[in-house]
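Anchor point for the sequence shown: position 33 equals 33 in full-length UniProt numbering, and the numbering is continuous, going up by one each time.
There could be a bad hint or two in this list.
What the hints assert, rightly or not - With a straight-line Cα cutoff of 25 Å, these simulated SDA-like cross-link-like pairs (lysine to any residue) come out: (1) 113 <-> 24; (2) 113 <-> 17; (3) 113 <-> 36; (4) 113 <-> 15; (5) 113 <-> 22; (6) 113 <-> 43.
Unchecked claim - Restraint ranges, calculated between C-beta atoms of paired labels, are given here: (7) 24 <-> 83: 21 to 29 Å; (8) 79 <-> 14: 35 to 43 Å; (9) 72 <-> 25: 37 to 45 Å; (10) 6 <-> 109: 13 to 21 Å.
These are computed hints drawn from the structure, not numbers from a lab. Note that the Cβ used here is the ideal one computed from N, Cα and C, for glycine as well.
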Amino acid sequence: MPLSEQEQRLLEEMERSLYHNDAEFVASVGGTRLRPNYRSIVLGVLAGVVGIATLVAGVAVQQLWLGIIGFIIMFGGVLLAITPGRTARATRPSSSQTRRPAQARTQQGFMDKLNDRWDRRQDGQQ
């Protein structure tokens, strides 16, 4: 269910306030988002399948060393698939997202405004 315009605007305002007021927290929690490296994922899945096949073949022919090699190949393939590549680029919020708009620059903070609105609603003033 999509957000209404008011909810979308409120969410954007909350994000801007968070970026402005607690930039260190934002940087530590969600600082970077790495794009997946699809080539590594495909190679990792293929190595995992080959490793499973080698492991099963080692069990079928009762060769312990072949099963161990199959497990190592499978494990390496999984690691290759889940680790981000060296060329993955981090996406950071643009400078326009981290700045507060001119109309929002008041002495009263965002949470104070929300609390005032809540109090007015509870008193029936709207």
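So, going through the hints one by one against the coordinates:
no.	hint	verdict
1	113 <-> 24	holds (23 Å)
2	113 <-> 17	holds (12 Å)
3	113 <-> 36	violated (40 Å)
4	113 <-> 15	holds (15 Å)
5	113 <-> 22	holds (18 Å)
6	113 <-> 43	violated (52 Å)
7	24 <-> 83: 21 to 29 Å	holds (27 Å)
8	79 <-> 14: 35 to 43 Å	holds (38 Å)
9	72 <-> 25: 37 to 45 Å	holds (41 Å)
10	6 <-> 109: 13 to 21 Å	holds (20 Å)
Violated hints for the displayed structure, listed by number in ascending order: 3 and 6.
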